[in-house]
Amino acid sequence: MIADYFQRLIEIFPFFLKGLWMTAIVSCLGLIFGTIFGFIMGVLRSQKVRLFNWPIGIFVSVIRGTPFVVQIFIVFFIFPEWGIQLNAFSAAVLALTILGTAFICEIVAGGIKAVPKGQWEASASSGLSIVKQLRLVIIPQALRTILPPLVGQYVLLIKDSSVVSVIGVVELTRVGWLTVVRIPEGLMVFSLVGILYFVISYPLIRLSNGLEKKLSVGQISL
Amino acid sequence: MLEGFNFRIIWEYMPLFLEGLRNTFLISIISIFLALIVGVIACGGRLSRWKFLRGISIIYIESIRSTPLLVQIYFFYFGLPTLGIRIPEIQTGILALMLNSGAYIAEIVRAGITSVPNGQIEAGMSSGLNYFQRMRFIILPQAIGVTVPPLLGQAIVLVKDSALLSLISVMELTRCGQVLTSERFMPSEAFFTVAFLYLCIYFCLKYLADWSQKRLIFKETY
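Here the protein sequences line up with chains A and B, keeping their order. First residue of the first sequence? That's 1 in the working numbering, and the numbers climb one at a time after it. First residue of the second sequence? That's 1 in the working numbering, and the numbers climb one at a time after it.
It is possible that some hints are incorrect.
[To be verified] List time: in silico DSSO-like cross-link candidates among lysine-lysine, alpha-carbon distance up to 27 angstroms:
1) B:Lys214 <-> A:Lys48
2) A:Lys48 <-> B:Lys206
3) B:Lys51 <-> A:Lys113
4) A:Lys132 <-> A:Lys117
5) A:Lys48 <-> B:Lys51
6) A:Lys132 <-> A:Lys48
7) A:Lys48 <-> A:Lys113
8) B:Lys214 <-> A:Lys113
9) A:Lys18 <-> A:Lys113
10) A:Lys48 <-> A:Lys117
11) A:Lys117 <-> B:Lys214
12) A:Lys117 <-> A:Lys213
13) A:Lys214 <-> A:Lys113
14) A:Lys113 <-> A:Lys132
15) A:Lys117 <-> A:Lys214
Keep in mind the hints are simulated off the structure, nothing from the lab.
Full structure from sequences and hints, please.
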């Protein structure tokens, strides 16, 4: 019986690979846009300009304080009421982008704050404009503190992308869900799904840990 | 964008939301408590001298951390019946949340214990304290202070994660939003209320976490 199910599971394995591909695309798009917007917002937030600080602070708390499922439902069911028509795929990418932006914004702002104040003063007195100060002096140093948690955040985003299955995006988790209806062997089906997620996430987790070790070596403590 | 926002329907469904809130509370508190036990045991295994125990703990921790919670929930939800175990959805959900958070808590506790400098342990050894005395008087008092703030952070994550239980039809807060949406088709009323209630929980826990961060972490004094 189990061998029979196993046989059928192997037969539909390409279906799983398709799901994996969908997961990769959705989370890749989400994390690329999230990184771009997150960096912009993080830099703005670190500048302590009142005009930006308030709205960004509220945005970040709201996104961090509510479950991702609820955010997805809001994007998928409520945005259309405001006239933004989205299909499941773009709703998924949009929701992941919003989530990624909020978390990456905090990481970037924290990294920039960790750069010693003297660096700001030194670069300002060298006559660099604020954009050049950021680009040439501050951000290269901040990247050291930003990179490890950023990669960690990517892992979280990939894992959170499993939740977009609830609005019908046929990604890996959804494939598992569709399969389990036909092959009633939940342990086997979801072990397979888990293994496929593991294959993407685990190397990234190792990368994050490795970066943390490698980048903290050069840090001079006074 | 909020014209036509129907407060009366929220009032009408208030008992349902309160029940959902109560269930979310109960699920979270029970799961975090059980997860603490699992986490401490797994951390003990992770730091143990026996290779076998260490191996099992590492496999447990890494496999949980690199797969999405939703897949874990489905794994138990569809998997347990195939083993002939039939338990209510809510218990399946608590089981999944417990094992999920347990792995993260194991890492938090481990970070706390390894944050105690080696010199402290050596000093304890040379004062003639045995293993348990060293744990009781030297390591734990310092480790607990470092551990509490991230544990509260994990509690926040757990409350948000419990929203995923709505997908296996546990009657918690997010599920209430889905019920209101399907009965009356009023998604904005439903999900904004749900999001608001989650935010209330989030801000309480966040306040607690910030406070503990200030109060409990020992600052080294020179």
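Taking the hints in turn, this is what the structure says about them:
no. : hint                  : verdict
1   : B:Lys214 <-> A:Lys48  : holds, 22 angstroms
2   : A:Lys48 <-> B:Lys206  : holds, 22 angstroms
3   : B:Lys51 <-> A:Lys113  : violated, 42 angstroms
4   : A:Lys132 <-> A:Lys117 : holds, 16 angstroms
5   : A:Lys48 <-> B:Lys51   : violated, 51 angstroms
6   : A:Lys132 <-> A:Lys48  : holds, 18 angstroms
7   : A:Lys48 <-> A:Lys113  : holds, 11 angstroms
8   : B:Lys214 <-> A:Lys113 : holds, 18 angstroms
9   : A:Lys18 <-> A:Lys113  : violated, 42 angstroms
10  : A:Lys48 <-> A:Lys117  : holds, 14 angstroms
11  : A:Lys117 <-> B:Lys214 : holds, 23 angstroms
12  : A:Lys117 <-> A:Lys213 : holds, 24 angstroms
13  : A:Lys214 <-> A:Lys113 : holds, 21 angstroms
14  : A:Lys113 <-> A:Lys132 : holds, 17 angstroms
15  : A:Lys117 <-> A:Lys214 : holds, 24 angstroms
Violated hints, listed in ascending order, are 3, 5, 9; each of the other numbered hints is respected by the structure.
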